[in-house]
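Q: In order, the protein sequence lines correspond to chains A and B.
The numbering used here numbers the first residue of the first sequence as 1 and each following residue consecutively.
The numbering used here numbers the first residue of the second sequence as 1 and each following residue consecutively.
To be clear, the hints were calculated from the coordinates, so they are not data collected in a lab.
We put the beta carbon where it would ideally sit given N, CA and C, even for glycine.
Each pair of labels, with its calculated beta carbon distance range: (1) B:176 to A:286: 48 to 54 Å; (2) B:75 to A:96: 36 to 42 Å; (3) B:150 to A:269: 54 to 60 Å; (4) A:390 to B:150: 55 to 61 Å; (5) B:150 to A:202: 46 to 52 Å; (6) A:217 to B:176: 26 to 32 Å; (7) B:224 to A:202: 33 to 39 Å; (8) A:217 to B:210: 34 to 40 Å; (9) A:355 to B:211: 48 to 54 Å; (10) B:75 to A:389: 56 to 62 Å; (11) A:355 to B:224: 33 to 39 Å; (12) A:249 to B:224: 41 to 47 Å; (13) A:371 to B:62: 55 to 61 Å; (14) A:355 to B:328: 51 to 57 Å.
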Amino acid sequence: MKTNVGRSILAAAGFLAGLIFNGAPVFQLSAQTSPKAWQAYSGSAAEHIRMARDTRDVAQYNQAESDVQHLLQLSPGNYDGQKLQVAVLLGKHEFANALKLATELNRKVPDDINGWSLLVDINAAIGAYAEAERDAQWILDLRPGSVLGFEKAAGLRELFGDAEGAIEFYQEAIRRTSQNDLVQRSWLLTQVARLQLASGNVKQAQLTLDQSLALFPSSQLAAAVSADIRIAEGKYAEAAAVRERMYRGVANPENLYVWAEVLEKAGLNEQAAAAFKDFETRASAQMNAAYNANQDLIYFYTDHKQDPAKALKIAQREESLRQDEGTLAAAAWAFFQNGKYTEARNRMDRALSVGIKNPVYFCHAAQIAAKTNDQTALANYQKELASFSPNTCAANLPIQTAKEVIK
Amino acid sequence: VRGAALGILFCAGLLLAQTARKELVPVATDDRIKTYQHLLASDPSDEHTQIGLISAYLQKLRESGDITYLDRASKLIDRMLEKDGGNFSALRFQNEIDLQRHDFKAVAERAQDMLKYAPSDQGTWGNLGDAAMELGEYTQAERAYMKMFSLRPNLASYNRLAYYYFVTGDSTRAIQLMRDAVDAGDSVPENTAWCLSELGDMYFKTGRLDAAEDAYHSSLKLFPRLHRASAGLGRIAAARGSIDIAVRHYERAQAIVPLVEYAGALEDLYTAAGMPEKARQQRDLVAAIEKIGKVTNEKTNRNLALLLADHVRDLSFALNLIQTEIPIRGDVYTWDALAWVLFKTGNLQEAKTASAKALKLGTPEPIFYYHASKIARAAGDPQAAQEYANRLSALNAKFDFGKQL
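Just chain A, with the same shape it has in the complex (with noise of 0.2 Å):
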């Protein structure tokens, strides 16, 4: 199942505001009609690095990598190109690479937020939270009313678990947004559309969404939200018709295990299992690379094809490489399905000590606290859970009188 619709929250491109402007490269040369200049490169760079966070493509991050590559060859040593550079790394997850391009540029202008901002995403992408939240509040404290330190804080505190909060930053950040940066906007408004999904607003949601619609209408995380709404009243055909354009617009693993799990919850069962199967056969050939679709593959051995085995050797490979709550939460799901229940238990304590709200990371932990006798986090977990739709959990839990749960 898959559990984090809003993982790309913190994906590198906010900094990237100064650099686009009417929602057009900056630059009215293309790298194309005046190769020699750098600053077009730059421009063309942004622009597929923003693409890739609307669509989480990486061959936008890969044209990405070329421009930058350009540039840092008309202009070595360029700071814009540097930071445009650590964005491509984060984009493609090569963390460590990340980490210390970014520690560097941010020891030689520490007074950058855009600096401090690339920091944010790298650090809450491995999981170093506390680092995040402190380089978060540099933004915050250097450019006091920014945007770009309200989107960052607001990407947080929906991790930290408050999405009330997260809200309220989003919506300062799209207040202070031009009128004229249409894609910025809409991204914040599919931001606020998500939460208010979360938290059971449906038809708040779609409100906002068509918001974010009518200012980009081809966006495709805001389509991914269409249909999680679709989903929350049950159109689940209409649902899989979203997905199905989304994966037939980027044909990537991750939009196909998502239009898969669609279409089994549409009751198209052999469609699903086709899905499912080119699925399989796509994420297991990038499994090694360093961006890949080994997440959803965890839980498709897990919940899908039924081998545990399978699930528990890739978790134990991405825990090697990344300790966010995403990956800590999927390992615990390995471990539990592999009756390692203890492990599962250290797994997923760590994931929801961040604080996300996650219903799914609830489900799981409730089953993995009754397997390790555990009533007090049991009864804990079946408290969380009654606060979301009561269809999210649909495991056999141990049954529990209300009384029993407000207790």
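On the provided structure of chain A, position chain B as indicated by the hints.
A: What follows is chain B alone, placed relative to chain A:
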């Protein structure tokens, strides 16, 4: 505590870096200053804390207009540069401080050095252009601003090019570029509000009062404490003869930052409104500012010199102030101020020469033509006086309540 997050510190209510979540919040500038000072006391060489404290001091300066924060920031920068003379962040802050202190030559020289190492640093090109504008080196300013613009067309570069074109006489282009600056927007609303206010000034000076009013209102909507937008509304009200409304706007601007020009405007408005006691209070305030300037050995203050000349008070001090300013700030505004003070002190021929230098670029500043007309008439050249008066009428003859031909 390297790079300590202030929100964490404050939520704990202690100056200790405790683990605490969900608190990411903007921190009040005074609190930031206290915390950074405390952290720096325990680790005086921590560069991140130094940068944080400098940034907080400069923010406080912007919020309060209290110049002592400039000195505090400057001391810290000196310390950082003593340790590492090539510290880029410290050099950028040093430029900001030297611009505030009107040491434009130092900024121009430093920026040129910095650009050898960081030719793509847009902010440094901006600093170079700003310094050149103040020095009256307009060709160099244009080059720097064009470079800045080619690096990144954004609010900062549109805004500066707009100002350049206005000063060099192309108000149509200037207004269009300032609109572009507003449209580009900025992550800090205060910056967009600032551009709206400048757009309002350009409209006002070229006689488009309704458009100016809209721009000032938009500016205040975005950033209610932008005093110059309140003052802009005061100027419009005064031009329309609504003295009470003008007073209210100027009082608000003065309550935010007590600039000497606001005191001058209020003195005139209170006098016109038959409120001599309040007018006297404003006069006393200007006298107090003047006294402080003398005690602190203030060498230059263009606005004070203009105000003293307007009200024919302490003219020798005014002349001294502006004559000292010319060698370090040779822009058309300083030449105009010199012309006016020279005129008021009876140096007609020198005033005429200075006025010609102020007018050389065709800057659409009503006050330049008002001064030039007065000087020409006094110098026995009624034809030139009338030409300047006509130019003034074509712009905005009601640009200043106290200055009607």
